[in-house]
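First to last, the sequence lines map onto chains A and B.
To convert a position in the first sequence, counted from 1, into our numbering, add 326.
To convert a position in the second sequence, counted from 1, into our numbering, add 326.
All clues given are correct.
No copy labels: a pair is met if it fits in one copy or bridges any two.
Below, in silico cross-link-like pairs of lysine to aspartate or glutamate (DMTMM-like), each with a Cα-Cα straight-line distance of 25 Å or less:
hint	residue 1	residue 2
1	Lys454	Asp351
2	Lys454	Glu353
3	Lys454	Glu473
4	Lys518	Asp500
Read the hints as simulated data drawn from the structure, not as lab findings.
There are 2 protein chains.
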Amino acid sequence: MSFRAKLAQAAAANRSLLCVGLDPDPERIDGRDIASFLRDIVAATSDLVCAYKPNLAFYEQLGEGGYALLREVLQAIPSDIPVIGDAKRGDIGHTMEAYARAIFDDLGFDAVTVQPYLGHDSVAPFLKRGDKGVFIVCRTSNPGAAEFQDVLVEDAGATRPLYEVVALHARSWDEHGNVGLVAGATYPGELKRLRSLCPEMPFLVPGLGAQAGELEASVRAGLDAEGGGMVINASRSVLYASTGSDFGEAARREAESLRRAIEAQRAAAAGSRA
Amino acid sequence: MSFRAKLAQAAAANRSLLCVGLDPDPERIDGRDIASFLRDIVAATSDLVCAYKPNLAFYEQLGEGGYALLREVLQAIPSDIPVIGDAKRGDIGHTMEAYARAIFDDLGFDAVTVQPYLGHDSVAPFLKRGDKGVFIVCRTSNPGAAEFQDVLVEDAGATRPLYEVVALHARSWDEHGNVGLVAGATYPGELKRLRSLCPEMPFLVPGLGAQAGELEASVRAGLDAEGGGMVINASRSVLYASTGSDFGEAARREAESLRRAIEAQRAAAAGSRA
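Bound-form chain A, shown alone (with noise of 0.2 Å):
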């Protein structure tokens, strides 16, 4: 099943647009196994969520056991929530065929993140996987987002800041019906362009909870036509929701605020369409 259908359907069957990030920091997670700990924040959230996404970093950072962990949550995952692989890889392609051989063949990831910076021929390696999802990182959510990807640029006759110029350029990549985009929550109004702009793709939408994204407006700039089309990931603050051995039912709970809160602003975009 190609990953926008698995998306489609655990999306639907556990009625939820929230994505979980499991990335461990050691520090945090204070002494516990690592590996049951992910297993146990799996266990306490997989019927409210519409996938996972670990962030490659957090497992490189522990070298050879991070390896392993990995492979351990990704078999701690249940095989009908598809799994995003957070890697942000850009190269030329033929390095890209490489990380995509790591990322989709070998730890067997239904999604991965890529950046844009050397163009189409660099994650042609990615895109031509039609039965992957490739979400290219567009604008982002950090303090320091627009510092490149705000820059005014002459394309096409027009003048648009450079990462709507990605999302076009995206956009027309899009020959299997496989590319999303990875957009911010903690900016909104440049969630809502990149709807307009790409009104049928997936946009994976980090910043939430640690990040402080406004989890309403965002929702309801990125929700596409059928209310759905979004991927909205927290990651900090269902993780590490208590330091406590509550941390599963913590998580859960902060979850479950997440998902019900989503859910919300899907009801009355619905309500406002109807």
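Fit chain B to the given chain A structure using the hints.
This is chain B only, laid out in the frame that chain A set:
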């Protein structure tokens, strides 16, 4: 010793600006033990180079075995030759802290390549490590590099291609004298522009050999005022110079030939400065 000092010492001792990219391709190594193949390449070339540059993709594609392989290769490199981790990571600052731990602390690289697209706060966790080198991906060597890197941008009253804006920002980030640029050998004109904008920065120059950059034009375009400031990388043309059992000698001959061609251009440039 800082990366910059180590690089200068190795370049002087070996009279070389050549860097060999240690990127294992199992199909081209053809049944040989990959670790011993790479150890032999290092042994055959370590008096001819100023640096080595493993690209992490080619290890990640091998799973857990790739991790062990990378550590073996890093151990086989003489301690006076700096090693650049070609990772091209780019993510929000919190995540880049984890990548910096992975690349600098766990793996022990002397320098790294990073993506610019997320801006200064994204690469700050690398930049603050003043003893380590940080090469910002600026103008790459792939055929489609121009798609985003050459878009014309309004910046501080001037209209410039985006890669020049990235270079100027990178220069302004260089508080610790540890910042460099990735600038492909396939585009000597762009290399020359970058040298005029950033007269004192080291350039990591990929694209020789398999990517068919014009060596002479690139070296002349990229040298700094002292006839240095370049780390000129060749990977496949050295590693796979022969597919036979003489691969080590063939790699050495190819590395010698590249070093000689680079030195000839440096001598000519020194002559024209005198």
